[in-house]
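Following the hints, put chain B in place on chain A, whose structure we already have.
Heads up: the protein sequence lines correspond to chains A and B, in order.
Each step along the first sequence adds one to the number in the working numbering, with nothing skipped, and position 300 is 305.
Each step along the second sequence adds one to the number in the working numbering, with nothing skipped, and position 63 is 118.
Hints should not be assumed to be uniformly reliable.
[Stated by the list, open to error] 27 Å max Cα-Cα, derived DSSO-like pairs, lysine-lysine:
#1 K206(B) with K414(A)
#2 K200(B) with K341(A)
#3 K409(A) with K200(B)
#4 K292(A) with K341(A)
#5 K392(A) with K200(B)
[Claimed, not checked] Cβ-Cβ distance ranges computed for the label pairs, FRET-style:
#6 E190(B) with D187(A): 56 to 62 Å
#7 R344(A) with H197(B): 15 to 21 Å
#8 A349(A) with G115(B): 21 to 27 Å
#9 E177(B) with D248(A): 43 to 49 Å
#10 A449(A) with F187(B): 35 to 41 Å
#11 H197(B) with T252(A): 55 to 61 Å
#12 E190(B) with T252(A): 55 to 61 Å
#13 E181(B) with L230(A): 39 to 45 Å
Bear in mind the hints are in silico, worked out from the structure with no lab data behind them.
Backbone N, C-alpha and C fix where the C-beta goes; we use that ideal spot for every residue, glycine too.
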Amino acid sequence: MLHPNLQVGVPSQFLNRELLSGVGCLESGTTRFSTHPSCTGLKPELDRSHLAAIVESFDVPIISKDISGTITSWNKAAVRVFGYGADEIVGQSVLRLIPPELRAEEELIMQKLRAGERIDHHFETVRIKKSGEKFSVSELISPIIDEEGNVIGVSRITRDMSDLKQIDDSRFRLAAIVDSADDAIISKDLNGIVRTWNEGAHRMFGYTPEEMVGQSILKLIPPELQHEEDEILRKLRAGERVDHYETIRVKKDGQRFEVSVTISPIKDETGRVIGASKIARDISDRKRVERLLVQSEKLAATGRMAAAIAHEINNPLESLLNLIYLARQNIDKAGKAHRYLLTAEEELERVAHIARQTLGYYRDDGSPTEVHLHDLIENVLTVYNSKLLAADITLDRRFNDLQKIVVSKGEMLQVFSNIIANSIEAMHEGGTLCISIRKIISSAGDGIQLVVQDNGVGISQDHLPKVFEPFFTTKGNLGTGIGLWVARQLVEGRGGRISIASSTEKGKSGTTVTIFIPFATPAPGIIGQE
Amino acid sequence: MSQIEVGSIYVADEFFRPKTESAWREAKSDKTQQNRPRVLVVDDQKLIVDTIAEILEGAGFHVMPAYDGWTALEVASRFRPDFLLSDVLMPRMNGMELAIAIRKMHPGARILLFSGQAGISEILHEGKRQGFEFELVAKPIHPLKLIELLKEK
Numbered sequence: 006m007l008h009p010n011l012q013v014g015v016p017s018q019f020l021n022r023e024l025l026s027g028v029g030c031l032e033s034g035t036t037r038f039s040t041h042p043s044c045t046g047l048k049p050e051l052d053r054s055h056l057a058a059i060v061e062s063f064d065v066p067i068i069s070k071d072i073s074g075t076i077t078s079w080n081k082a083a084v085r086v087f088g089y090g091a092d093e094i095v096g097q098s099v100l101r102l103i104p105p106e107l108r109a110e111e112e113l114i115m116q117k118l119r120a121g122e123r124i125d126h127h128f129e130t131v132r133i134k135k136s137g138e139k140f141s142v143s144e145l146i147s148p149i150i151d152e153e154g155n156v157i158g159v160s161r162i163t164r165d166m167s168d169l170k171q172i173d174d175s176r177f178r179l180a181a182i183v184d185s186a187d188d189a190i191i192s193k194d195l196n197g198i199v200r201t202w203n204e205g206a207h208r209m210f211g212y213t214p215e216e217m218v219g220q221s222i223l224k225l226i227p228p229e230l231q232h233e234e235d236e237i238l239r240k241l242r243a244g245e246r247v248d249h250y251e252t253i254r255v256k257k258d259g260q261r262f263e264v265s266v267t268i269s270p271i272k273d274e275t276g277r278v279i280g281a282s283k284i285a286r287d288i289s290d291r292k293r294v295e296r297l298l299v300q301s302e303k304l305a306a307t308g309r310m311a312a313a314i315a316h317e318i319n320n321p322l323e324s325l326l327n328l329i330y331l332a333r334q335n336i337d338k339a340g341k342a343h344r345y346l347l348t349a350e351e352e353l354e355r356v357a358h359i360a361r362q363t364l365g366y367y368r369d370d371g372s373p374t375e376v377h378l379h380d381l382i383e384n385v386l387t388v389y390n391s392k393l394l395a396a397d398i399t400l401d402r403r404f405n406d407l408q409k410i411v412v413s414k415g416e417m418l419q420v421f422s423n424i425i426a427n428s429i430e431a432m433h434e435g436g437t438l439c440i441s442i443r444k445i446i447s448s449a450g451d452g453i454q455l456v457v458q459d460n461g462v463g464i465s466q467d468h469l470p471k472v473f474e475p476f477f478t479t480k481g482n483l484g485t486g487i488g489l490w491v492a493r494q495l496v497e498g499r500g501g502r503i504s505i506a507s508s509t510e511k512g513k514s515g516t517t518v519t520i521f522i523p524f525a526t527p528a529p530g531i532i533g534q535e
Numbered sequence: 056m057s058q059i060e061v062g063s064i065y066v067a068d069e070f071f072r073p074k075t076e077s078a079w080r081e082a083k084s085d086k087t088q089q090n091r092p093r094v095l096v097v098d099d100q101k102l103i104v105d106t107i108a109e110i111l112e113g114a115g116f117h118v119m120p121a122y123d124g125w126t127a128l129e130v131a132s133r134f135r136p137d138f139l140l141s142d143v144l145m146p147r148m149n150g151m152e153l154a155i156a157i158r159k160m161h162p163g164a165r166i167l168l169f170s171g172q173a174g175i176s177e178i179l180h181e182g183k184r185q186g187f188e189f190e191l192v193a194k195p196i197h198p199l200k201l202i203e204l205l206k207e208k
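Next comes chain A alone, as it looks inside the complex (with noise of 0.2 Å):
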């Protein structure tokens, strides 16, 4: 169906290489089938039929048109793409091929190429199949000259691109779903040199791209941890795959937290490991969580045993504390018996103590009620009243707690009364207990803060970070070391916070201790209660 006189230029990149090789001359741009022997070792005649097979053979549309836009050739590939069988086209307008709102684009092509004009980029434009539908092509349109240059008609090679569209418009959706992803997606060479870095990445370690890409993976991870990156690369050269692995990252302004990464290998066509991605969640949050709950489930297995252990303890302390009183009752009070007995006593005292504050008897003490904070001080205070006054201690009260609070009573007065012990013993030479109650207004929830503070002999910074560790004291046989613990388990267990700060520095000694307890009282389940 190829016009044999017309000389075709195709453009050398549409060319089947196999198909052409010893057959054409192939020049940069376009090329030019030329009947000249000396090109193509051929004869003439031969020549020309060979090209209209080739022509014919050729995978892509090949179709040729006078200038008057009538179509003259039409190869097998136009027929396949078009629909069209070349009996039905050849010899019609190309305006059947052009949807009606391109004509004009058409119009303007014929006449550059009619003016001599070529065209020599890729045009992108959509045609119409004999079925009525549209699809993308991309054309090149050259001019036929003939034997004295003049422009015959034009050529145009149409390639169907409606497919490589499809995988454009993917690779979009995937670039704009691989940015909008929460998690950070970083794709590295095999020397961790990070590729490609998304907006999550961005969000998630505060570098940007353009701070990212070219520079080394190891800038995101911890000193101590660079070790991890070797096992990485050599488990990701082996072609393995890194799942949900929970490790420590740093943020760019030196924060770190928690992620969760998973890589994998990028491979290329040939199954070679040419790179990684890497997929990283903080979850910070979520180990955050996870501590709280294994930390409540603990609080609440001990309270669990400290109810049934409590029980087995206390009555016959109750009734020990009874024998050895009457057996007092019934001794000579100035004999060594009475005074082994009084030792018991005073032992047996110790033993009640520790099995109070550790055994929880105040934690299911009643129900929680509204109280005033200050009223629970004062009746602490009572306790303590002739202490205090041994001591020669100061107070100095400054409540303005106005709002009741939802407080387990019995809970809260074994806080404060752990915490004033504690001060009164700090100062066994004098000095001002101070304590302040207030309400606190903040975007993490209202409530009340109570400070203690006391001038005593003070934690050294030693000790200060293991005050609130169970079974942790300064005071010898004399401390149980659950004081501080037990104070901090039932703060918390509240949904409230205790801080300690002090100062052992000479003439500026003192501890201050903080309580806040939020209005909001905790979730069920959440903390220590079944």
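For chain B alone, coordinates are given in the frame of chain A:
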């Protein structure tokens, strides 16, 4: 409370009842006891009841011991206590139920509950729902403190 626990305490209670009754008869016959404050002491732990009874007797109280709630009620109907000192967690009838019954029977009696363990808040709530609240002290309580508590008033 499992049935086994209830059963075993029941046997113990039957075993000690005659002693309780005789003690009560003795107490009644003794005219000098008439003016002393009367305390009903109830606990399923016999040793606790017996030692407290002896201590309080020594401190000038007239004590009526009971080892479970039902017996305590029976005793209270004749004994008219000024005080009830009762454990909370007991089989068959808990301290709260006993306290409510005694409050209805003798509104003037002062009631003191004592308990050695956590896990009694349900029982205390139940009392509250019915409109009753009683003083509660923790076991162990030193004998002198107990005497002090009973002499307050």
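Structure-based check of each hint:
no. : hint                             : verdict
1   : K206(B) with K414(A)             : holds, 26 Å
2   : K200(B) with K341(A)             : holds, 25 Å
3   : K409(A) with K200(B)             : violated, 32 Å
4   : K292(A) with K341(A)             : violated, 61 Å
5   : K392(A) with K200(B)             : holds, 18 Å
6   : E190(B) with D187(A): 56 to 62 Å : holds, 57 Å
7   : R344(A) with H197(B): 15 to 21 Å : holds, 18 Å
8   : A349(A) with G115(B): 21 to 27 Å : holds, 26 Å
9   : E177(B) with D248(A): 43 to 49 Å : holds, 47 Å
10  : A449(A) with F187(B): 35 to 41 Å : holds, 40 Å
11  : H197(B) with T252(A): 55 to 61 Å : holds, 56 Å
12  : E190(B) with T252(A): 55 to 61 Å : holds, 57 Å
13  : E181(B) with L230(A): 39 to 45 Å : violated, 56 Å
In summary, the numbered hints that this structure violates are 3, 4, 13.
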